[in-house]
Amino acid sequence: MSPILTIERLSARVQSRDQEILSKVSLSLERGEVMGLVGESGAGKSTIGKALLGILPRDVVITGGAIRYDGRDLLALPARERRQLLGAEITLIPQDPQTALNPGRRIEAQLTDGLRMKRGLSGTQAHDKALALLEEVHIREPERVLAAYPHELSGGMRQRVLIAAAFALEPRLVIADEPTTALDVTVQKQILRLIRSMQEAHGTAVVFVTHDLGVVAQICDSVTLLYGGTVIEAGPTANMLVHPGHPYTRALIDACPRYDRPDAGLHPVPDGVISAMRRDLSQRYGRPV
Amino acid sequence: MAEQVSSVAPISSDRARKVRRLIGRGRRFLSLDAKVAFGGLIILIGLALAIFAPLISPADPLEQDLMSATLPPIGFAGADPAHLLGTDDLGRDVLARLLYGGRVAFTVAFVAAGLAGLIGTVLGLVAGWYGRLADTIVSRLIDIWMAFPPVLLSILLVAVFGSGLHSVIAAIVIIDWTRFARVVRAETMAQAALDYVTAARAIGFPRLHVLLNEIVPNLWPVIVALLSLEAGIAVIVEAILSFVGLSVSSDTPTWGGMIASGRQILHQGWWVLAAPLAVLFVTVLAFNLFGEGMRRTLDPVMRR
Amino acid sequence: MIVSVINRLVVAAITLVGVGAIVFVLLRVVPGDPIAMMISPGASPADIAALRARYGLDADLATQFWMWLKALLSGDFGMSISLRRGVLSLLAERLPATLELAFAALALAVALGLFLAVLGTLARRTVCEPLIDALNGLALAVPDFVWALALVLAFGVFVPVLPLSGRINPSIDEGFVTHFYLIESLLRLKLTAFADVASHMAMPVIALGLPLAAVIVRLLKEALKEAMVQDYVLLARLKGMSELRLILQEALRNAIGPTLALTGVQFTFLIGGTVIVERIFSYPGIGNMAVDAVINRDLPLIQGLVLMFGLIFILVNLAVDALAAFFNPRLRHG
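Residue numbers (the numbering used here), protein chains in the order written: chain W, 13 to 301; chain D, 140 to 443; chain H, -11 to 322.
A couple of the hints might just be wrong.
Unchecked claim - With a Cα cut of at most 35 angstroms, we get these calculated DSBU-like pairs of lysine-lysine:
no., chain 1, residue 1, chain 2, residue 2
1, H, LYS213, W, LYS130
2, W, LYS62, H, LYS58
3, W, LYS62, W, LYS201
4, W, LYS141, W, LYS201
Think of the hints as simulated: they come from the structure by calculation, not from any bench.
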């Protein structure tokens, strides 16, 4: 089968700062695959996620390349068709459950927006579907939660609601934008497991944007590592974590705390690795990185 | 080729960035200062016209001439070139009356706004900084004041004091000190909660010292802006009181008095109403622009 | 919740008594004898004394205040000196006119303010936005007094389409039962009378409503723009909602709370503005009556009017708090 998503030589630029933030990024994602999009802040991982969803800030323009979803170039798609895809076939699990739910609307209204608008479900149908969804993301007392306002729920509960909303329309591609960053460590693990199980149950492909290799190890089938808007290394997770090909990857792995080996200590990424990589990238792209 | 481009590009883009930043800064500077400059200029012109009214006035504002009553402004049929803006129903020159009316308006604007600002700021500072009983009293007073319609209260006060310039000013001060007290109190409390104030207190500076040296400097933008807005309000209130017939005695020309007589002879001479109304409009707008602009220019962090 | 309501009511009562006391003292410690204004020049000292006694002006200040307060609590607002009628019945007769004016102006301000704020938010970052902002700044800076007179010139003189004074054409006699002419004529489907009352109200309503509309536009537009960049709006946009629907369904309900609170305060200013606007249009409401009462030094009437204004102001503030709680789910449950 053809990949659900391929990105070909995608480049983007911040106009106000006159700075390239993506340089010829290419990657490919199979159906039902979970790919970690990893990098430090500023590496371009969020820009890719936003480009996929068509929600780039006004300041950022795409200067070249293509995003192919199911064979169609999203960037060239007429606005109406793209709107049809977004929010239905391609959805988002946002970073901060605190701000991603409208404080003034009940959970039910927010959870069923898409069902009613895009699927044309009636009020009761949408209600039943919402109940089922909440049960699927292991929310107890779903009736009570549906009637609640966001401020009455905990952060973890809200993130579950947002995951339910993201999977409500049976999407084929979900962009998870650091969905566990804003959560307690104890909740993080449950949420990761939930995303994985939802993804498996629905056969959905997931682009998992994160800066945390530990998260990647838990959930991702493959990894694309970014630095300075370029792909440093890409490949199956197990492979890459065990046999990193690039010194930067190696250094990043060493910098992760090892819960299984508490005596190993922490190793910050050595300056030498970064500067060597920058030199290397500058030469490759003919610009400072 | 690629190398060449790359070695040039950063410099040119650097320069472009610098130029763009300069343009942005210039534009911001202009847009902020345009308000201050424009408002300030109008206020200064108005002030100069009022001060030098005896020198530049084309006629005696009190001189009646029933033979040339309700003459239209020049440009309209039947106008007399001696009366640029026409005459009122008693044949008095409208322009002359506008100029002299400006003297009352600006006196009230500056004196009333200054006094209201002084009293309101002091009470606001005391309430916001020392709190407790002082705050309770000031807040309760403000609540009571807020329960009066200000226009009614000013009419009431002037009726009580007797008409005249002093009563008008006193009425405005008595009513509008709360505008300053409310804002200054809230701002003082907001500032007092910040760490730099705590730090100054921790060093051991006396309370009054901290208030005057740490907090008050941060309140200036707000106070200056309020003063300018208040000056505009004072001009309006004076006009309203003159309109009702409670301001200065009727033989002193005022904008409000002109408006009132213009309202009476609306259909015979609309310009008697239109001229002072236009002047009032421009004056109030100028004070608003100036205050608005000042707040932003003086405020280092551009709050709100 | 109940405690805070009671607390507010107590504060409101204290404020009202304060208002009453201040006006009472103010009017009596200063020169200006209301009796002197109503007697004929040839009245004997005995007549004057009799009149003073009749209006209770011969006792000392504390006694007068106490008598007044006692009478007030039993519903007796006293007699108007200049109009020689009970203050309460005068208020009952004139208050509806002012209430109709004020609420019509409020309705206009809210409708216009909502419309322009949403329009301005739709047009954000386009050339239209600075234009809307500039016009709004103008409406904000210029007070109702000036707007009223500008309207007089515009629609009374240059394009004379609206009546300049009064509340209803005297030739129209519908035998109104209440003093709410606008509402009653509408309910009884007397459309000619309704159109006439409405046309009389048009200019004062616009003059009063315009500055308040401008306040609403400025506050609400800022709040809307702030809400429109929130994550939940982004998610809703992904769901495919139109920009207008995003504003109305997602942003508005979160933006409206703070605006509402300030609109309430501004509405009290609007009510205060009726005093001068009614004067300009010779509109027979309590504001116009208040100016006459002050000029005539009609003490009982002034006191009644000021208390009435104070009461309205306090009620408005309470209503605003209730509404704000209704619009904010956090307050509703918390």
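Okay, the hints, checked on the actual structure:
1. H:LYS213 <-> W:LYS130: Roughly 26 angstroms between the alpha carbons, so the hint for LYS213 (chain H) and LYS130 (chain W) holds.
2. W:LYS62 <-> H:LYS58: violated, 71 angstroms
3. W:LYS62 <-> W:LYS201: holds, 25 angstroms
4. W:LYS141 <-> W:LYS201: This hinted pair holds, its Cα atoms lying about 26 angstroms apart.
Consistency note: the structure conflicts with earlier hint 2 alone.
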